[in-house]
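Line by line, the protein sequences are chains A and B. Okay, so the first sequence: first residue is 738 according to the working numbering, each after it adds one. Okay, so the second sequence: first residue is -18 according to the working numbering, each after it adds one.
By construction, these hints were calculated from the structure, which means they are not laboratory data. Some hints here could point you the wrong way.
Computed Cβ-Cβ distance ranges for the label pairs, DEER-style [claimed, not checked]: (1) A/Asn784 with B/Ser(-14): 27 to 33 Å; (2) A/Gly743 with B/Ile75: 34 to 40 Å; (3) A/Gln745 with B/Val78: 35 to 41 Å; (4) B/Val78 with A/Lys831: 32 to 38 Å; (5) A/Lys831 with B/Ser(-14): 46 to 52 Å.
In this text, a Cβ means the ideal position worked out from N, Cα and C, and glycines have one as well.
Residues per chain are reported as follows:
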Amino acid sequence: MKRHDGRQPEDLRKMEAKVGVIKNADGSAYFKIGNTWAYAAVYGPRNLYPKFLQDPGRGILRCSYNMMPFSGAGDRVRPGQSRRSKEISFVTVKSLLPVLDLEEYPNSVVDVFIELPQTEAGSRCAGICAASMALADAGLVMKDLVSAVSVGLNGDQMLVDLDYAEEAYEDGPVADIPVAMINRTNEITLLQMDGEVSKDMLLKGISMAKDACIKIYEVQKKALKAKYGSE
Amino acid sequence: MNGKSHIIKLLDNGKRLDGRSALDIRQPLIVEYGVSKTAEGSAKVTCGETEVIVGVKMEMGTPYPDSPDKGTIMVGAELLPLSSPDYEPGPPSIKAVELARVVDRGLRESKAIDFKKLCIEKGEKVWIVIIDIVTINDAGGLFDISALAALAALKDAKFPDMVDGKLDYRNPGKKPVELSKEPIAVTVYKLGKYFIVDPLTEEDKAMDARLTITTTADGTICALQKGGDHPLTEEEVSKMIDIASEKSKEYRKAL
């Protein structure tokens, strides 16, 4: 059955990615998927202050997810951290850390700032996709890129990359499941869920997310190659 | 040699760090409209390597008791840590507050927007037009570029329609914000005996004084803001106003 915008259940919204979009940053990228648009800038490795936060054994990864005040569909989003943005920042760190090797940078910090000028569902996943590309653009040693997408239950159907209308579905059980993956190993670095879903459907969703991440990975790699050549 | 003496030495020869002349605005100067679909109006301005986005949100609120038939505007500015290694997360710095207030004053005092036209129901319901400035890449010149982006975003803005007693933020409205005037800010920087416009970050840090002059198309001055640690003479202020009204034409043309 086709979705309201003509997509098949496994189809992603239209994607666009670009690397090196913020000149001041050590690495940067944007990732657009449907109407969701995430910028990411990496600063570092740089000295970490206050000093007591420093780890003499390794560098620290800090992520900050922030919606611009005009990026939500309803009222203005008040500037400053909310409980939601704090939690997303936290899980973003966890989703990216497994591909980084920060032992080379003791006492340092790698700062990742994710900013969204426009959102319509899937913003944390878009942020992770952009951040992963920005980290690569910053020249950090990485095992692989991380790709992320949200899958969700819409009545009895599992769908990839829900849009607003699908997220707001009210005529049956719904579930929203953001997933991030390391492509090379198929390991999951972000997994959240809210709604209600059976174990079988959940596993089906994760499997669909895996296939979708392969498509996202191609878009991310293509954007990096566009800046650095294909070699 | 410190940064400042180097900049002044270049100016002795009529040049700047990036090869421009003292009164050149960086190129490209590009205004893109409607960059954020979730905003009721938006614009992105790129000037050299500086990039600023402004988004406008429209909310309904109750009017101030002393002006029951008037809506209002609010201007916020966020110097995002994404846009420069100098910026840190946290509450707005004085730099961000000053930026927002200078842009606000230009829009407010030029009476570009008739606040009475923002009234929906006297004493009960008015429009609050919220203008948010965010920096994407700060390579200097934020006052003029942000003011230009704010004006462009307002030109792009449409009031959301009312559907079943609720504001429909999901679909673009049809009624635009009427702008009777278009205030343009030009900040003239004084470095030693020289005047420059559209500074790079290094030039901004090295300046002695600055004067932001906001003018409308007919040359009326509607807002001023002096900054920097050094004083200015009357003659200097007069000269700076002349420079600003001349350079404002270039910004106006970019809209």
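Hint check:
Our hint of 27 to 33 Å for A/Asn784 and B/Ser(-14) holds, since their Cβ atoms are close to 28 Å apart. The hint said 34 to 40 Å for the Cβ distance between A/Gly743 and B/Ile75, and at roughly 51 Å that hint is violated. Between A/Gln745 and B/Val78 the beta carbons are some 50 Å apart, a value that contradicts the proposed interval 35 to 41 Å. Take B/Val78 and A/Lys831: their Cβ atoms lie about 35 Å apart, and the range 32 to 38 Å holds.
Taken as a hint, the range 46 to 52 Å holds for the pair A/Lys831 and B/Ser(-14), whose Cβ atoms sit roughly 49 Å apart.
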